Amino acid sequence: MSIPLDGNVMVGALEELFSFDVSVAVVECAGCGHSGAVAAVVVYTDAPGMVARCPGCTDVLFRLVRAPGRVWLDMRGSLCLRVDMPDA
Amino acid sequence: MARAAVLGRLTWRVGTLVAFRDETEFARTLVFSIPDWPGHDAGQHVDVRLTAPDGYSTQRSYSIASAAGGDLVELTVERLADGEVSPYLSQVLSIGDQIELRGPVGGWFVWDPSLAAQVLLVAGGSGVVPLMSMVRTRAKFGSHVPFRLVYSVRDPGSVLFGAELAELQRVDSSFEVHYAFTRTTPAGVARPAGRIDATYLADAGFSAGLAPAVFVCGPTGFVETVANLLVAAGHDAGRVKTERFGPSGSQR
Chain F
1 MSIPLDGNVM
11 VGALEELFSF
21 DVSVAVVECA
31 GCGHSGAVAA
41 VVVYTDAPGM
51 VARCPGCTDV
61 LFRLVRAPGR
71 VWLDMRGSLC
81 LRVDMPDA
Chain H
89 MARAAVLGRL
99 TWRVGTLVAF
109 RDETEFARTL
119 VFSIPDWPGH
129 DAGQHVDVRL
139 TAPDGYSTQR
149 SYSIASAAGG
159 DLVELTVERL
169 ADGEVSPYLS
179 QVLSIGDQIE
189 LRGPVGGWFV
199 WDPSLAAQVL
209 LVAGGSGVVP
219 LMSMVRTRAK
229 FGSHVPFRLV
239 YSVRDPGSVL
249 FGAELAELQR
259 VDSSFEVHYA
269 FTRTTPAGVA
279 RPAGRIDATY
289 LADAGFSAGL
299 APAVFVCGPT
309 GFVETVANLL
319 VAAGHDAGRV
329 KTERFGPSGS
339 QR
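If you read the sequences in order, they're chains F and H.
According to the working numbering, the residues represented by the first sequence are 1 to 88, in order.
According to the working numbering, the residues represented by the second sequence are 89 to 340, in order.
These aren't lab readings, by the way, just hints derived from the structure by calculation.
It is possible that some hints are incorrect.
[Stated by the list, open to error] Incomplete in silico selection of chain H near chain F, CB under 7 Å: (1) LEU98; (2) VAL102; (3) ALA321.
[Stated by the list, open to error] Partial pick of chain F residues on the chain H-facing surface, computed with a CB cut under 8 Å: (4) SER19; (5) ALA30; (6) GLY77.
All values reported here derive from a predicted model rather than from experimental measurement.
Backbone N, C-alpha and C fix where the C-beta goes; we use that ideal spot for every residue, glycine too.
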């Protein structure tokens, strides 16, 4: 298996989709309950898309594939995404 | 949070190379002018997309080296021998050439110059690039927050920004640079070549009791080794922010 990177490398692709900075959002792993910043997850970039894994248990948190004209985001391993944002 | 208030799609912009300078035999700083560039925070990066005439397209992430808030964007690119993108950017791209960029992205691995906590920066090789943006931002904004940069680098010829770091250190006693040469040391350096270890981090860095903000950037193995050493030395893992790079996704 190749050497992984981290969530920082996915930030552009996620921001393209969500239109906000997802790197500081907190993702909770459905497998082990670990919570941490999206920037700090383990990311493999050598698949057809990007695969984010939990730094606690290595389960897949989410996968993102960007293709011409569309994006797929599979979040089956993420229980919750917490985003701090202003009220107004 | 300023950026979150301006919701809009992150889109590709066309940047024009307006200047470059060679930093080492293998690294070049590229200066881009990007219309409507919103400015960046220290530590952020951009995604770069290159598209060949036949439609083949590839993208990478590169950290921004210049101080926060500028109109121009400086990327320092180290050429990888078998790289697909870095040889083009560091050897072929000429003044006036255009490439696609999007950003700035990433609000987690950033330093805010209004913060008062001491800052420990640990760089592995070209992982120094986003940390240099923090160092330059500190100087630009007149911050005197104590900064220490621990810079692991193969040999003296591979040091990025060496003259600038020396000058910043000369004029400001609250800024220190500590080199850890891993293969070849320059004349007059007592420490033998070797990797950063717990003792070196303890001597060169801030103790955990001072609760410094810590930023570690480098290749994955380096980052994990250093982060583990810091946490073992008592640093709160939540204060140790890390950014890894590698050939497939993000090169600094």
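Item to check | Which numbered hints fail | outcome: 2, 3, 5 and 6
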